[in-house]
Amino acid sequence: MTLVLDIVLSGLVLGGMYALIALGLTLQYGIARIMNLSYGECLVAAAFAALYLYSGMAVNPVIGLLAVVPASFAANWLLYQIVLMPLVRRARNQGMLEVDSILGTFGILFVIQGLMLLTFGGSLQSYSYLSVPVHILGTTLALNRILALLFAVVIGGVLFLFLTRTRYGTALRAIAVNPDAARLSGIDIHAASALAFAAGGAIVGAGGVLISMFLTFSAAMGVVFTMKALIVVIMGGVGNMLGALIAGLLLGISETAVARLVDPGLTIAVTYALFLSVLLWRPTGLFGRPAR
Amino acid sequence: MRRNRLAAIGILVAAAMLLVAGAPARAQDSIKIGWAISKTGPFAAGAGVTTLPNYQVWVKDVNDAGGINVGGKKLKIEVIEYDDRSNSEEMIKAVERLATQDKVDFILPPWSTGMNLAAAPIFNKLGYPQLAVTANTNQAPELTKRWPNLTFWLGLPSEIVDGIVETFAKLEKDGKINKKIAMIAVGDQFGIELSTATRAGLKKAGFDLVYDKSYPFGTQDMQPVLKDAQAANPDVLLAFSYPPDTFAITDTSKVLGFNPKVFFVGVGTAFPMYKGKFGAGADGIMGIGGSDASLPGIKWYIQHHKEVIGREPDRWASPITYASLQVLQQAIERVGKLDRAAVIKEINTGSFDTIIGKVKLENGLNKNIWAVGQWQGADFFGVAPISKQGAKPVIAKPAWQ
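Sequence order for the protein chains is G and R. Here my numbering is used: position 204 in the first sequence is 204, and no number is missing along the way. Here my numbering is used: position 275 in the second sequence is 275, and no number is missing along the way.
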């Protein structure tokens, strides 16, 4: 019983990190309809920002969130307005926008990566913050990882309520389902999409700061995070906040369970097995609706 | 479908990104030295810690001193650099280009075992010396026999394993630890090769492996593995890990209060960043590599590297990389002309004074290496081979701080 509890708690903490990484992407891809391949680079850029604030200016990362999150929101809003807006205007349909945004953000990926390489160099970065043990129900967990889980749950929950319970949230969902009809109902889809993209950027900023407290990162590591986020987003159902949260937690618990009960060598295998079975049985994701 | 499209796009962009540097006109008063190194991609982190900074420091040192003395004339180094983007095919193309189009006089090796093995045939075909410092393979003795231009500098995995087993066996004999060892390894060639050899060595020495697992490359969540290792109550934790996992293993063990008497982690332990991150908590932690910090050359080197690059070098392959470049320079100066075949011969047969002390290759292999090091205060000292001159006695690992 203690082992089960231990696995569930450790798994939730690991899964919280996965969910945190994925929430921003599900907003950007699900609502703003931009398949952002530079997502991982944005995450790493936020991690570098946190490191710079912490080691260069002695600002602790939790306070650093107050600077990084708005900055990331603004940067992503500008990115959408300047770089992606022409693609959005030109796109005749959803498919075309998807292809164009993949191409566009693939280029942005290299720009951000190059800037990080120039500024911080290619070496690995790591620092410790809030790496202190917390004892919960007989399990020892690191405080910084618990913090990431809490953020994921709060952000996921708030966004879910916002999207399902408010008027503006409903408008955003309308864009996701049918942009043309949304425009006919008087929704300013460009402004709303820009906002959704920027909000996704704010979340990725928060994610980057939080994971920098316990993960080792380098300028070249962005793609690892993009891949993980993509898996979680697709598993949870594109554009579904609760889906991303639950899919992330599920992945965390499964990986931890396999590592403890079977073999730690199989954690990646279980990730992809889960991913594959979700795609086979529910191609639109755990909480996704059938394609429009 | 999206994946396919992505892959196609990726290949297109990658092809377009091939770096093209203009070849400057041949000047007679310079010596052209080129290298292809991973400045982007997954190897950039490792190359950026160990290899590239040392190339830069060495070039600066040589040029500040007026150049390499070739037959009485001082030739400054002119550098031609390519980014191989962590791709072995790119690296081979760049090396070929360096030799045939840029017509460089010498080529410095790429970073990592895989890259150096991939580069070996082309270096040999082109007739350039290859001082493969960041390569660690048991095939080294066969390879140097086949390709005399190829030399290895980091010791063999078997020598590292012998050092580890020797260190633990002595601690056990002295009654400092019991026979219970927990071993974890990253599930790639590096981890599997070293853990397989170590397993055999430890069993032969009578040790008891109470936990013995591998984890996938890229794992940074070490909690499950360490909880089970801790539950087995070993006196030794031995991990063959890469830098991100090395940091994660140390950090998580600290959080879990897992403090075995011997705490040995893999690549990354010798990085100054490790000490920077864990501070006094790094004290007593062991890893691969080490240096004899009492040598005046090493003292000078660490300080000098810090002044030029802005940070300290790692304590495993960095000093050896710099030493290998000193060997190359001395070999060229002794030969007195830009005759690569003669330089290769001199590298293999000569005896050289370097920052790591005297270097004399045996069958193309550098034997002046440390297998096991330990953080003791501000430095990562070599502790094994125990018989090596300058080896420090192992200290007991204190409680986590």
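No lab work stands behind these hints, which were simulated from the structure alone. Predicted model, so just to flag it, every value in this text is computed and none were measured. Possibly wrong hints are sitting among the right ones.
Here are the in silico distance ranges between beta carbons for each label pair [claimed, not checked]: (1) R:GLY276 / G:ARG173: 31 to 39 Å; (2) R:GLN56 / G:MET227: 46 to 54 Å; (3) G:GLY114 / R:GLY71: 51 to 59 Å; (4) R:LYS345 / G:ILE82: 55 to 63 Å; (5) R:HIS304 / G:ILE63: 52 to 60 Å; (6) G:THR119 / R:ALA65: 49 to 57 Å; (7) G:LEU150 / R:ALA65: 23 to 31 Å; (8) R:GLN56 / G:GLY114: 16 to 24 Å; (9) R:ASP188 / G:PHE110: 52 to 60 Å; (10) R:GLN56 / G:LEU115: 19 to 27 Å; (11) R:PHE217 / G:SER55: 21 to 29 Å.
In this text, a Cβ means the ideal position worked out from N, Cα and C, and glycines have one as well.
Results for each hint:
Here the CB-CB span from GLY276 (chain R) to ARG173 (chain G) is close to 47 Å, at odds with the stated 31 to 39 Å. Separation of GLN56 (chain R) from MET227 (chain G) is about 33 Å and departs from the stated range, judged on CB atoms against 46 to 54 Å. Separation of GLY114 (chain G) from GLY71 (chain R) is about 42 Å and departs from the stated range, judged on CB atoms against 51 to 59 Å. A hinted range of 55 to 63 Å holds for the C-beta pair LYS345 (chain R) and ILE82 (chain G), which are about 60 Å apart.
Here the CB-CB span from HIS304 (chain R) to ILE63 (chain G) is close to 37 Å, at odds with the stated 52 to 60 Å. Distance hint check: the CB atoms of THR119 (chain G) and ALA65 (chain R) are about 32 Å apart, inconsistent with the given range 49 to 57 Å. For LEU150 (chain G) and ALA65 (chain R), the Cβ-Cβ distance of about 57 Å falls outside the hinted range of 23 to 31 Å, so the restraint is violated. For GLN56 (chain R) and GLY114 (chain G), the Cβ-Cβ distance of about 19 Å falls inside the hinted range of 16 to 24 Å, so the restraint holds.
Here the CB-CB span from ASP188 (chain R) to PHE110 (chain G) is close to 27 Å, at odds with the stated 52 to 60 Å. Checking the proposed 19 to 27 Å range against GLN56 (chain R) and LEU115 (chain G) shows it holds: the Cβ atoms sit about 21 Å from each other. A hinted range of 21 to 29 Å for the beta carbons of PHE217 (chain R) and SER55 (chain G) is consistent with their spacing of about 28 Å.
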